[in-house]
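Asks: Okay, here's what each chain looks like letter by letter:
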Amino acid sequence: MSEVLTAPLVVEFPFTRSLGPVQSAFLTGLRERTVLGVRARDGRVVVPPVEYDPVTADELRELVEVAPTGTVTTWAWNPSARRGQPLDTPFAWVLVRLDGADTALLHALDAPGPEAVRSGMRVRIRWAAERTGAITDIACFEPADDAAEQPHGRPHGGEFADPVTGITAPARLDYTYAPGRTQSRYIQGLAEHKTVGERCPACRKVYVPPRGACPTCGVATGEQVEVGPRGTVTTFCIVNIKARNLDIDVPYVYAHIALDGADLALHARIGGIPYDQVRMGLRVEPVWTEGARHPDHYRPTGEPDADYDSYKELI
Amino acid sequence: MSEPARGPVRDVAIVAFGQSEHVPDSAETSEVEMLMPVLHDVLARTGLKARDIDFTCSGSSDYLAGRAFSFTMALDGVGAWPPISESHVEMDGAWALYEAWVKILTGEADTALVYAYGKSSPGDLREVLTRQLDPYYVAPLWPDSVALAALQAQALIDAGHTDARELATIGAHRRGRPDAAPGRQVVGPLRTGDCPPVVDGAAAVVLAAGDTARRLADRPAWIRGLDHRIEAHALGVRDLTDSPSTRLAAEHAGAFDAPVDVAELHAPFTSQEVVLRRALRLDAPGSTVRINPSGGALAANPVMAAGLIRLGEAAAAVQRGDADRALAHATSGPCLQQNLVAVLEGER
Ligand SMILES: [Zn+2]
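Same order as they appear, the protein sequences are chains X and W. Position 124 (the first sequence) corresponds to 124 in the numbering used here; numbering is contiguous. Position 345 (the second sequence) corresponds to 660 in the numbering used here; numbering is contiguous.
Bound-form chain X, shown alone:
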């Protein structure tokens, strides 16, 4: 059994999202320590407010200011806070119906322990010290046994100076990437400067890099076949724009290369020859640099060009 490789993989995006008029008013309001809801078609005040009616999908625009105090409708004790959550100590997740609202808002409640939390308890917003117009402008809720209910909201025009029109929501997920048996074998081969494809037991085609299955036959490829190291340029393009973080002078050539013995072309950069002299049929071989995990580029072997018929099926 081969050793299966794994590697850390971080997927991270700073999502930039624009806001509609209702979301903009709500998030700008949070920045100004004002909580707005929107009146739905059935008369309910929805907090946090939505642009469209949750039942009828009608456009909603009638804003209502509600209180920063409210009542917990349900809760869940979170004994260990996870990355990105509102508090880094144990806390309760809560749905809170703010006074003047008919629906509940999800957030965190700072409480000493689960025995201090119950549905029906009174809470109030703890505002973040620095507010930017985001749901996290509410730092969390805190218990407020003394806060009297303020049952009615007040109409609000939703107008603020310098309204927030968008949010940037960073999202990061951490993975341990595992490429599986087939690709692990391929990568292990590269470590020995070998390019190892796999043969389909049905149609006998050799795939490189191998992905574990023959896409024509739908069966597992298993038999390992060392291909190359030499190959033939089947087609190519000239790159004129410098990629970020890539220390290669432009223009350069990126090519599909059919390694000898392979039935699928892989792609790589061509070096060691002026870019305008690269051609289909050019015979090339890999150039390895110290410590590299794959060929740095391919260069001409000096052999005569390959016959078009010998690689036309691989273009």
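No lab work stands behind these hints: they were computed from the structure. Ideal Cβ positions, reconstructed from N, Cα and C, are used throughout, including at glycine. This list has only true hints and no planted wrong ones.
Using C-beta positions, here's what the derived DEER-type ranges look like:
#1 W/F384 with X/N245: 21 to 27 Å
#2 X/R154 with W/S400: 53 to 59 Å
#3 X/E51 with W/F384: 30 to 36 Å
#4 W/I545 with X/T235: 42 to 48 Å
Only some residues are given here: those of chain X computed to face chain W with a beta carbon under 7 Å:
#5 V4
#6 P114
#7 Y175
#8 A178
#9 G180
With chain X held as given, fit chain W with the ligand onto it using these hints.
Replies: Chain W with the ligand alone, transformed into the frame defined by chain X:
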């Protein structure tokens, strides 16, 4: 008021079902390596070759394993070249089955292969699932999937619909260990016994119409009704103690027209089984329905495949003769946000 009940325009059946072993960590295998044996198994049960399939539809999510366009790689395992008629949903495979069913109803296909897979082991599933939430008001708080289910469980307890003891009993029975302790608290009130195991796995079914189905299987599991409905995405707008979308889907699928022998419910959390049993009226006096004889998602919950597996398990019960009429349910989103219900029957 509702339209008069009418059956589907074509008879379509599930004729085969297969699934992988569901394992906590499948680092040994890529998606296609995990999926391919299941595809071969399910095709072998019908005697069909991949080339004989008119339409292929799959369900999966790239967010699980962090592999972009992983479904295109998985297609290698089908034998998708030269090009086949194919589609994909970024949803549980139950919704891929729905698409395939509609395709067959239109007459554009007589057979369909439906598959789904999920590899949760490379990432942190509780975090990954936060990315399906409202990106403006909810996702920035990173409420994980167990926390949201726990809010629903507490609402159920507060409403008097269940208690910790009943939840623990459900969890223990579904795992086939009636004496098991409920485990440590994950997010209160939910304990480890209330939460689904995080596993990697794959599943596939074959659908066929009319006489083709009769030719491919001794006892096809005929789809008598299939419907799916969704609720508002804001948790605070919904009544978390009820599942009106499940009930509506069940009505449209004809689930209440006659009692069912078996119900396969996609309830990843014990508390969600309580909600579903109420919405589907499975606990009515005199009811003899067997709920989740497979163990359901509490026994194995390969995300993106667990809903399709409910349809497959219900169909398998019909095909084996263990049930004449079975209900299958699949869910998607936090706290049972979206629900699909199918009614399957064998010929008597
Ligand atoms: Zn082949």
